[in-house]
Amino acid sequence: MIVKFPIKEEYMEFIKKVEDISAQNIFSCYQCGKCSAGCPMISSMDLLPNQVIRMVQFGNKEVLSSKTIWVCATCYTCSIRCPKGIDLAKIMEALRIIALREKKADFLKYSKISSEDIERMPQIALVSASRKFTVW
Amino acid sequence: MILLRLAYFPGCSLKSDYQNFEKTAIEVLRIFNIELVELPRWNCCGTVFSLSSDNLMNYLAPARILIRAQELNKQIGNSNILVTLCSMCYNTIKQTNNVLTADENRDKIDTINAFMDDEVDYEGNVVVKHYLEILRDYVGFDKIAENIKRDLSKLKIAPYYGCLLLRPDVVAVDDPEQPKILSEIIKSVGAEPVEFPLFNECCGAYNTVTNPDLVIEKIYQILTSAKESGADAIITSCPLCFFNLDYRQKYVSQKYSQFSKIPILYFTQLLAIGLGLDISLCEFNKHFVDPTRLFKERRSE
Amino acid sequence: MGKSKAALKEVEKPKMEMVTIYIMGKAYKVPAGLTIMKAMEYAGYRFIRGAGCRAGFCGACATIYRFKDDYKLYMALACQTPVEDGMYLTQIPFVPANKAKYDINKVSPTASSIIRYYPEITRCVSCNTCTKACPQELNVMDYIQASLRGDIETAAKLSFDCIQCGLCAARCPAEIAHYHVAQLVRRLYAKYYLKPSKNLEKRLKEIQEGKYEEMLNKLMKMSKEELKKLYESREIEKVGVSE
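Residue numbers (this note's numbering), protein chains in the order written: chain A, 1 to 136; chain B, 1001 to 1301; chain C, 2001 to 2243.
Misleading hints may appear alongside valid ones.
What the hints assert, rightly or not - Reference excerpt, derived from the structure (chain A facing chain C, CB under 7 Å, subset only):
| hint | residue |
| --- | --- |
| 1 | Asp20 |
| 2 | Ser43 |
| 3 | Ser114 |
| 4 | Ile118 |
| 5 | Leu126 |
| 6 | Val127 |
| 7 | Phe133 |
Derived by calculation from the structure, the hints in this document are not laboratory data. Cβ coordinates follow ideal geometry from the N, Cα and C atoms, glycine included.
When you get a sec, could you build the whole thing from the sequences and use the hints?
Here it is as structure tokens:
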């Protein structure tokens, strides 16, 4: 018996956008949880990485307001361990990009960084943070 | 006498706060007759590698660097290699190079070449290597061991790889889950490598800008794990890991009063000391946790 | 006694070569050989903003134009660039850009300092659009990159001829205000790398001691007519006269 879950047009639109930007097949994920098991930033996340994928599979845009996508450090641990070969880092990136473009606002506020930190940190800290957390 | 000249990309951080990483790296290779020739007119690599498929703009910065390497290699004539020292730069440039040399990306490559009409076209011949690979493949660990001038046998050093040296697989300099290369370096200088479980656990990277508390927690875990395994110091290859592991210890001590600091070194600093170079080259005064006492107490010279 | 009738025959005025330019989309026939600024004034426009020294130095008259059937954007200074047939023009009299507030005596000559006041330079993608926009043909991307890695000297030297017209900032996808960054870098270069100018110190001392007070006060009290007379009778160096 085949059970069909019709996905609403607006949800499909979101899923398609994520797939386009990440060049990954969202529906490959079978929720084994290996990504969440290896993720080093778990302690600061509200949604686990595998839960984020699940929500995207259902077209649920609430993932864009989760803490998870802003705490991801692009360490690629999930990407190299996924048994289905899904590059989860790219999916997280796609979600950040969609969130930033929709809000048209940066996640990173330069004025909030302490001047002591800015003086001490290497340029690559700010270059990479700007790359990840500002609108393009 | 210089036998091999290699095109070299430093990256912004190695030219300002972390010149000690670069200086020690250059002098160490010089002992083995290899000269690192800095690219002319280079730009920031724009780390980290952009993971979106719809944005070509983020390939421009690394593409320019590859073109500079291509043109420099035509002049110095040794090879088509580009050496990088900073793990983040290495990862960014290498992943971009993979995109720009893949046949299925012909249209992207053409678009980028056409857009950069002020540059020659990138022909796709540059091979990006990390400095560690040069040590392993062009010098050899045995050769390093033969040239050691200081006794570091009493030092226990933990190798910390971080993320971008080992992941994703296209850039990995060694096996991502069981790498050996940094341990080999430690052994070659005569010190004792201390394996510890969090050797490739992410330090938090750029979260140090937006979420420093998270980084402080990660650092606490990583450093405690290394200390519990018996390490006296930790070596790293990335200026951002270095900043997080070294400077953020200030905040770890504030949060965990029983935490005792542990010195962080660049692997090139360890090599420089082992190979008998002047310790002042390491500029230990720039570190938050000064490693000098390690070498005063332990080494015999 | 009068001139002969033959000599009085009408001299035909030589035909002036005219070109068509489009100012904010509207076509105007203007004499070729005029600068964009003069051509716009010929067409009846009056510059209240976006005009200054008229000598290519103040950066007020930033202009962007295209030609018909050509997708390329060109950037220039209106007071220096002659009109060409088919130019589609727009003026950029002002580019919004924040200048950071800092006390130069408290800023160190490092990349971190520059990033502290202008963190957006870490967004630079090396697209080189700024360099292509510069009417002074400066290597804008190169000086921003030099600033990013803390090479104060290179950045100061490369940006020296900048007239702060703002065209680079208007075009930058990373939303950097290049000329403000360059100004900070040049001030740091002067403060930390160059020898202090003895003549400048001397002049500042003279000013502080009031050497020029009387002259300045006299000028401030003059009427418009008196000032005009003074200006018109000023000493002018004749061109081509040696000594």
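To see whether the hints hold, each was checked on the structure:
1. Asp20: violated (21 Å)
2. Ser43: violated (27 Å)
3. Ser114: Violated, because the Cβ-Cβ distance from Ser114 (chain A) to chain C comes to roughly 10 Å (cut-off 7 Å).
4. Ile118: Holds. Min distance 5 Å.
5. Leu126: holds (4 Å)
6. Val127: holds (4 Å)
7. Phe133: Cβ of Phe133 (chain A) sits 11 Å from chain C, so the hint is violated.
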